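I would like the entire structure built from these sequences, with the hints used as guidance.
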Amino acid sequence: GAVVSQHPSRVICKSGTSVKIECRSLDFQATTMFWYRQFPKQSLMLMATSNEGSKATYEQGVEKDKFLINHASLTLSTLTVTSAHPEDSSFYICSAMDNSYEQYFGPGTRLTVT
Amino acid sequence: EDQVTQSPEALRLQEGESSSLNCSYTVSGLRGLFWYRQDPGKGPEFLFTLYSAGEEKEKERLKATLTKKESFLHITAPKPEDSATYLCAVQARGGSNYKLTFGKGTLLTVNP
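So the sequences go chain by chain: A and B.
All residue numbers for the first sequence refer to the working numbering, where the first residue is 1 and numbers rise by one.
All residue numbers for the second sequence refer to the working numbering, where the first residue is 1 and numbers rise by one.
Keep in mind the hints are simulated off the structure, nothing from the lab.
It is possible that some hints are incorrect.
Covered by chain A, per the in silico footprint, the following chain B stretches (three or more residues, Cβ under 8 Å) [unchecked claim]:
#, segment
1, 24-34
2, 38-46
Cross-link-like lysine-lysine pairs, in silico, DSSO-like; alpha carbons within 27 Å at most [claimed, not checked]:
#, chain 1, residue 1, chain 2, residue 2
3, B, Lys104, A, Lys66
4, B, Lys79, B, Lys104
5, A, Lys41, B, Lys42
6, A, Lys20, A, Lys55
7, B, Lys99, A, Lys66
8, A, Lys41, B, Lys63
In this text the structure is predicted, and so the values were computed from the model without any measurement.
Cβ atoms here follow ideal geometry from the backbone N, Cα and C, with glycine treated the same way.
Shown next as structure tokens:
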């Protein structure tokens, strides 16, 4: 089956610093990837849609200057949380869409901002 | 606005006790309805996609069904390893936007 990886799986950073999270589709090409965040005991909330070679589309209420998304290749999208604050602490999950429009999710990245 | 409501929020079963999880949805034209399984601290694992009313899909002890307003995930003779949160999501038809709208999930606990 389709495999999506994320790196790192856990990261702790200090308030005010930036953190980059990578999302890779390992065995298929994905022109579209998605970034979600999930708070404890809550469902996944879509943050943005990442399209290879073009600008990401952000959901309402998501700051595009704070959450920078780059989709530089058909197998890699990155999310950079800039000037992180404790309220940005969350579980960040990416998904990659195959050519059947099905989404496969990565294992998630636990971000803790101290 | 697309909406997905899952019930119950939590379900406890004894091993071997079959049951069903419900996913009610409203969407402006359904492209697909998706079921995922999520274990604590992990990303969702794809289970099924259903595209049209009347469609059914099975995988081991799980069977998913779809009507025009809701989907059911039937669990037959569950085992403790089936314990997880089950997420339902819809994808609307039209345009090039393939985003998923998720429900809050059903936390299933199967006791031995």
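If any of the earlier hints don't hold here, list their numbers in rising order. none
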